[in-house]
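Top line first, the protein sequences correspond to chains W and P.
Quick note on our numbering: the first sequence kicks off at 1 and runs consecutively.
Quick note on our numbering: the second sequence kicks off at 295 and runs consecutively.
Please note that the accuracy of each hint is not assured.
Unchecked claim - Simulated restraints, written as ranges between beta carbons of each label pair:
| id | chain 1 | residue 1 | chain 2 | residue 2 | range |
| --- | --- | --- | --- | --- | --- |
| 1 | P | R541 | W | F130 | 17 to 23 angstroms |
| 2 | P | D464 | W | G43 | 46 to 52 angstroms |
| 3 | W | D36 | P | A412 | 28 to 34 angstroms |
To be verified - Residues from chain W that face chain P, not an exhaustive set, calculated with beta carbons under 10 angstroms:
| id | residue |
| --- | --- |
| 4 | T184 |
| 5 | A189 |
| 6 | G193 |
| 7 | S248 |
| 8 | H283 |
| 9 | W284 |
None of these hints come from the bench; they were simulated from the model.
Here a beta-carbon is modelled for each residue, glycine too, at the ideal position from N, C-alpha and C.
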Amino acid sequence: MQLSTTGTAAPGEPAAAPPTARRGVARDGSRLRTADLGLRRLGLGLAGVVAVVLLLEIVVRVGLLPQAWFPPPSEIFPDFAGLVTTGELFVPLGQTLQGWVLGILAATVVAVPLGVLIGSLELAHRLTRFMLEFLRPIPPVALIPAAVLIFGSNLDMKVFLIAFGTFWPVLLQTVYGVHDVDPTARDTARSYGLAPRAVLLRVTLPSALPYIATGLRIASAIGLILAVTSEIVVGVPGIGVRITDAQSAGGAEALMYAWILAAGLLGWVLNGALQMAERRLLHWHPSFRPGGGR
Amino acid sequence: MLDVRDLTKTYDPAGTPAMADLTFTVGEREFVCIVGSSGCGKTTMLRCLSGLVAPTSGTVTLDGVPVDGPPKDMAFVFQDYSRSLLPWMTVAGNVGFPLPYKGLSKAQVAAATAEALAAVGLADRGDSYPWQLSGGMQQRVAIARALAYQPRILLMDEPFASVDAQTRADLEDLLLDIWRRYDITILFVTHDIDEAVYLAQRVLVLRRPAHVHEVVEIDLPAERDQLATKQLPRFGELRSHVLSSLRAPDPAVLPG
Numbered sequence: 001m002q003l004s005t006t007g008t009a010a011p012g013e014p015a016a017a018p019p020t021a022r023r024g025v026a027r028d029g030s031r032l033r034t035a036d037l038g039l040r041r042l043g044l045g046l047a048g049v050v051a052v053v054l055l056l057e058i059v060v061r062v063g064l065l066p067q068a069w070f071p072p073p074s075e076i077f078p079d080f081a082g083l084v085t086t087g088e089l090f091v092p093l094g095q096t097l098q099g100w101v102l103g104i105l106a107a108t109v110v111a112v113p114l115g116v117l118i119g120s121l122e123l124a125h126r127l128t129r130f131m132l133e134f135l136r137p138i139p140p141v142a143l144i145p146a147a148v149l150i151f152g153s154n155l156d157m158k159v160f161l162i163a164f165g166t167f168w169p170v171l172l173q174t175v176y177g178v179h180d181v182d183p184t185a186r187d188t189a190r191s192y193g194l195a196p197r198a199v200l201l202r203v204t205l206p207s208a209l210p211y212i213a214t215g216l217r218i219a220s221a222i223g224l225i226l227a228v229t230s231e232i233v234v235g236v237p238g239i240g241v242r243i244t245d246a247q248s249a250g251g252a253e254a255l256m257y258a259w260i261l262a263a264g265l266l267g268w269v270l271n272g273a274l275q276m277a278e279r280r281l282l283h284w285h286p287s288f289r290p291g292g293g294r
Numbered sequence: 295m296l297d298v299r300d301l302t303k304t305y306d307p308a309g310t311p312a313m314a315d316l317t318f319t320v321g322e323r324e325f326v327c328i329v330g331s332s333g334c335g336k337t338t339m340l341r342c343l344s345g346l347v348a349p350t351s352g353t354v355t356l357d358g359v360p361v362d363g364p365p366k367d368m369a370f371v372f373q374d375y376s377r378s379l380l381p382w383m384t385v386a387g388n389v390g391f392p393l394p395y396k397g398l399s400k401a402q403v404a405a406a407t408a409e410a411l412a413a414v415g416l417a418d419r420g421d422s423y424p425w426q427l428s429g430g431m432q433q434r435v436a437i438a439r440a441l442a443y444q445p446r447i448l449l450m451d452e453p454f455a456s457v458d459a460q461t462r463a464d465l466e467d468l469l470l471d472i473w474r475r476y477d478i479t480i481l482f483v484t485h486d487i488d489e490a491v492y493l494a495q496r497v498l499v500l501r502r503p504a505h506v507h508e509v510v511e512i513d514l515p516a517e518r519d520q521l522a523t524k525q526l527p528r529f530g531e532l533r534s535h536v537l538s539s540l541r542a543p544d545p546a547v548l549p550g
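Throw the hints in and build the complete structure from the sequences for me.
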């Protein structure tokens with residue numbers, strides 16, 4: 001899945017299966033093997049993490065990296081555990097998450113309907129094309145000063161920044177998805193007397209959904225970056241503020257890294273949750289079909 | 295029941311028409327096949343007949359009512375079943391989803407879906423997804439969807455062109471069986487001459503730009519059989535006749 005800037009980022013392959021293909025036949029043997037493989041993959045992944053952590057520990061302990069700026073993992077993890085057990089973690093985590101959710105929600109609520117409109121009307125497509133091409137490359141962080149002027153250093157500013165940055169991937173993916181709806185599927189619905197609104201709801205939106213989901217996953221990563229950025233740069237409450245606080249406290253480097261770890265884990269969990277939702281909602285799509293995922 | 299008169303479609307005003315003065319009629323309960331080589335305007339013709347596209351000139355009337363949009367008494371079976379069936383719906387969902395828009399209640403939809411699936415021999419596959427089925431079974435789902443819509447006329451666009459030969463023969467016999475059991479008229483487009491002669495009561499030979507070059511009455515016994523019918527000398531004669539009609543030089547384009 002490439003990050004879409006110029007081309008489409010359709011997940012997997014087009015929904016059309018080759019006419020002769022027999023897919024998704026449940027084979028119990030292979031399912032068992034898949035479980036085995038999954039376990040093996042998880043084991044290897046964990047082993048990799050442990051190895052890197054160990055390596056880091058050694059590198060810091062023998063002095064290859066200055067311990068003043070790079071506390072060893074054995075100091076970071078206790079600090080992180082402390083954040084969890086004292087509950088100190090959860091308020092900033094919630095604040096960062098709040099900005100993320102509200103920003104992406106605001107972007108989606110506007111971008112999806114607009115994307116459907118642009119994707120289905122040739123005129124709208126042409127009218128907006130140049131404007132989109134111009135607005136999209138603006139780095140969202142370039143808007144921070146303006147956003148602070150308009151909203152102040154608060155949640156509104158953070159939400160606006162995230163909404164602006166995540167608007168584009170969702171919009172463009174929706175446009176691509178609607179553009180890419182199979183004409184045969186649309187003709188089928190039309191030939192059975194479905195009115196345009198019904199065609200939109202029953203055919204166009206479901207078949208654009210995999211694209212929109214990809215857009216949301218791209219947006220998720222961008223949203224977290226912008227949330228933490230606005231916290232660090234502007235000081236809007238959240239994980240980012242705790243990172244700068246720990247940095248300037250002096251002697252709290254391990255705590256700083258513990259907060260960084262928290263931000264990383266948050267991104268990892270969000271991505272996993274989105275992927276899970278995608279797998280459930282799009283179980284019919286070629287890239288999620290049992291046995292047929294290629 | 296289906297009356298096509300002087301149907302013309304020109305996409306590019308400066309270019310040649312895709313369809314020119316197409317005229318034919320299909321009677322009640324008739325099984326008519328249309329054969330034409332690829333690029334002769336079959337697709338354009340079907341899109342106009344089904345009301346998906348408006349012709350440049352000419353008229354299509356179904357039971358005396360002019361067709362200006364997809365008619366409620368007509369169902370269309372597309373060649374590309376894998377794209378015509380919606381992958382996010384189950385087989386039963388695919389068969390039933392157009393019916394509420396025709397005004398059927400939930401119970402009626404369920405009943406019509408079950409009956410149509412039984413008619414194509416897929417009564418027990420309603421909960422499967424189309425992509426879990428073989429190509430032949432998928433096309434049977436598409437046929438079931440058309441049947442459940444309870445049309446009076448079925449338009450079929452090379453429906454069996456992308457399945458293997460054995461499956462194709464089975465589907466042909468299934469279709470003949472359905473045609474006999476249901477009160478239905480069938481207009482079947484194919485590029486396969488054998489298939490056209492085997493299925494039809496009448497074969498229309500389509501030439502480019504889409505117009506009826508010749509009408510061939512198929513005077514074979516009504517009961518068709520893949521082996522016996524195709525061994526009849528008359529089958530061979532009709533087959534050659536249609537083939538030569540397709541290939542005959544067009545007087546209009548002969549060098550002057």
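Right, here's what the structure says about each hint:
1. R541/P - F130/W: 17 to 23 angstroms: Roughly 52 angstroms apart at Cβ, these two residues miss the hinted range, so it is violated.
2. D464/P - G43/W: 46 to 52 angstroms: holds, 49 angstroms
3. D36/W - A412/P: 28 to 34 angstroms: violated, 41 angstroms
4. T184: Cβ of T184/W sits 4 angstroms from chain P, so the hint holds.
5. A189: For A189/W, the interface hint holds, since the closest Cβ of chain P sits about 7 angstroms away, which is under 10 angstroms.
6. G193: Check passed: Cβ of G193/W comes within 5 angstroms of chain P, closer than 10 angstroms.
7. S248: Status violated, d = 52 angstroms.
8. H283: Holds - the Cβ of H283/W comes within 10 angstroms of chain P, reaching about 9 angstroms at its closest.
9. W284: holds, 4 angstroms
When the structure is compared with the earlier hints, violations turn up for hints 1, 3 and 7 and for no others.
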